[in-house]
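Undergrad: Using the sequences and the hints given, assemble the complete structure.
Protein sequence lines correspond, in order, to chains A and B.
Position 228 of the first sequence, counting from 1, maps to 228 under this note's numbering, and the rest follow consecutively.
Position 71 of the second sequence, counting from 1, maps to 71 under this note's numbering, and the rest follow consecutively.
These are calculated hints, taken from the structure and not from any lab test.
Wrong hints could be hidden among the right ones.
Stated by the list, open to error - Calculated cross-link-like contacts (lysine-lysine; reagent style BS3-like; alpha-carbon spacing at most 27 angstroms):
no., chain 1, residue 1, chain 2, residue 2
1, B, K36, A, K299
2, A, K39, A, K68
3, B, K224, B, K238
4, A, K9, B, K224
5, A, K9, A, K328
6, A, K9, A, K39
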Amino acid sequence: MIADWLERKEVCICAGSGGVGKTTTSAAVALGMAARGKKVAVLTIDPAKRLANSLGLPELGNEERLVKADVEGELWAMMLDPKRTFDELVEWHAPDERTRDAVLSNRIYQELSNAVAGSQEYMAMEKLHELHQEGRYDLLVLDTPPTRNALDFLDAPKKLATFIDSRTLQLFTTPGMLGLKVLGRGSGVAMSVLKRTTGIDLLDDLSSFFSSFGDMAEGFRERAESVNALLADSRSAFVLVTSPRADAVEEAAWFHHRLLDAGLPFAGVVANRVHPPAPRGNPAADLERLLGDDALAGKVMRTFEEQRRLAAQDRSNLADLRRRLGRKPMIEVPHLDDDIHDLDGLRRMDEYLFG
Amino acid sequence: MSSLLDKRLVLVTGKGGVGKTTVTAALGLVAVRRGKRVVLCEVAEQTRLGGMLEPLPEEDLDVVSVDPERAKREWLSYQLKSRTLAGLLTASGLFQYLTAAAPGLTELVTMGKIWDLSQLSPRTGGPGYDLTIVDAPATGHGLAMLRAPSTYASIARVGPVGRHAERIDSFIRDPALTGVLTVALPEEMPVNETVEFERALQRELNISIDLIVVNALHPSRFDKDDMRRLDDTEGAGKVARAAIEAARSEHRRAHAERLQVRRLRRAASAPVHTLPRVFEPELGHEHLERLSAELERRL
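TA: Below you can see the structure in the form of structure tokens.
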């Protein structure tokens, strides 16, 4: 079924809240598409190297690696190193070696690129864009970071572009208060307050960061725009990953709403870890007779009742989500006995995702 | 381990969906029973703690939600010693523009607000508490927030921000004042992540985890003999077969989970405690009380 969602798509973005099996789902989707003859690369930005785990690889670098998966197509995987992606980007945009070195050795840059909040997300989008431009794959699958706010990463390119925007540059590079006049009245006060509250040294560093970054700002802004354009393109598909837990369902519904608002191409929902419904009826008497042991029968009954309760709750939460999604498709993956951390496990998900 | 409750600040970390909020609430109840005045703190638009604890008549337990934007304004008015000026500035747009653009500042200010809460007489007012327990953001296990003060202390070497960041940084790095409790699940990847988080915290900030709580451990009801008898059962009806399959499935899961807990105990430096899985759709107060009693037995 998910193969239909991804028909003629070049980018698949798996999004959702933390702890719903997003990384595993991304890997299973990538493996499944590779098994169906596509050349697929799956990208993760997760700092905990979960994908490496899923693929049975000890570690992934900042480059795609071919996964020995015995598939008809090809499965490549990479774990992003945000710091290295950022450095590469600076090298790419820098007009000359001197500027490149000035930026790479600037303290503000180093702090910024060391995965201070936000830049990870940006680098994921950046790498996605780069790989898409190169056109070496039929399909790119992106596992998004586990931000509490599931859509934060969408704003990341814009946020960084704003940070290095030329107007900010002017502010720091124009001598005296002249630069501030551009920004309107009251700015002078703001600036002196900023100095007072942040410390001169910070401003000096920022200023030299911005002046060496100056020539690159435009390039970054353009890139951010084309990344955003790629996400909104009909060749992209957003797959929302969730679990049937009430809080995850709540977040999924809200996420769906925001995707539509932003005009982004939403393909469908994958609900992981669904407890399968149990048949009706009370097996207590049957169990006691068969087992001839009331204590054991009692333990089995207790377990069964617990499973039933979980299944009923999952049903009701997912029904709620379906109502809120309208006619959008949903795939359910049952709760599997042991968690998935290798290729065999991913293949077990295949029958549900592609069945 | 009772020393965890003798600290001033406890950060409950862990990735999303592991039960951080539940553990935060349960730990809060334990601390209150030990006679502490406690404030539970959640970050951003999360408001689950309040609902979870609401009808509990705990006088010594407050719930505070830290809104990073508001924290930013408060921080500014403290720096300026003027609420009016701060209001003008935050409304002006330029300040918004600059602070929104500065990476990590939100985390710093949020951490600053949490630090302030944990002081005996907070400068932003309020009663002062014996213990502040924080339901930390899930992103990167909350590492970004813990790292922000040290990052800023090194960027802004001089000036009030640098000094402030340094003060917060040394507070959260002082094991007598600040504790870290990490919540995990008894599964392969969460266990790996917990071990990696512990190492990163140690390596980057020289902070040790005080306690790891493995949440939602399935009960181990059946032994090998039980399983053999279930396997040998013949002639069961459809429903009884489903019930037996549920028992088998739970047995497999319980076994796999215990292997994971053992693995975590071997790999982690911090002590590891477990909490039982609650088979209820919504966590009620009786369950919260039960979990907090379980936690108390182990603290």
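Undergrad: Are any of the numbered hints broken by this structure? If so, which, sorted upward?
TA: Hints 1 and 4 are the ones this structure does not satisfy, whereas the remaining hints hold.
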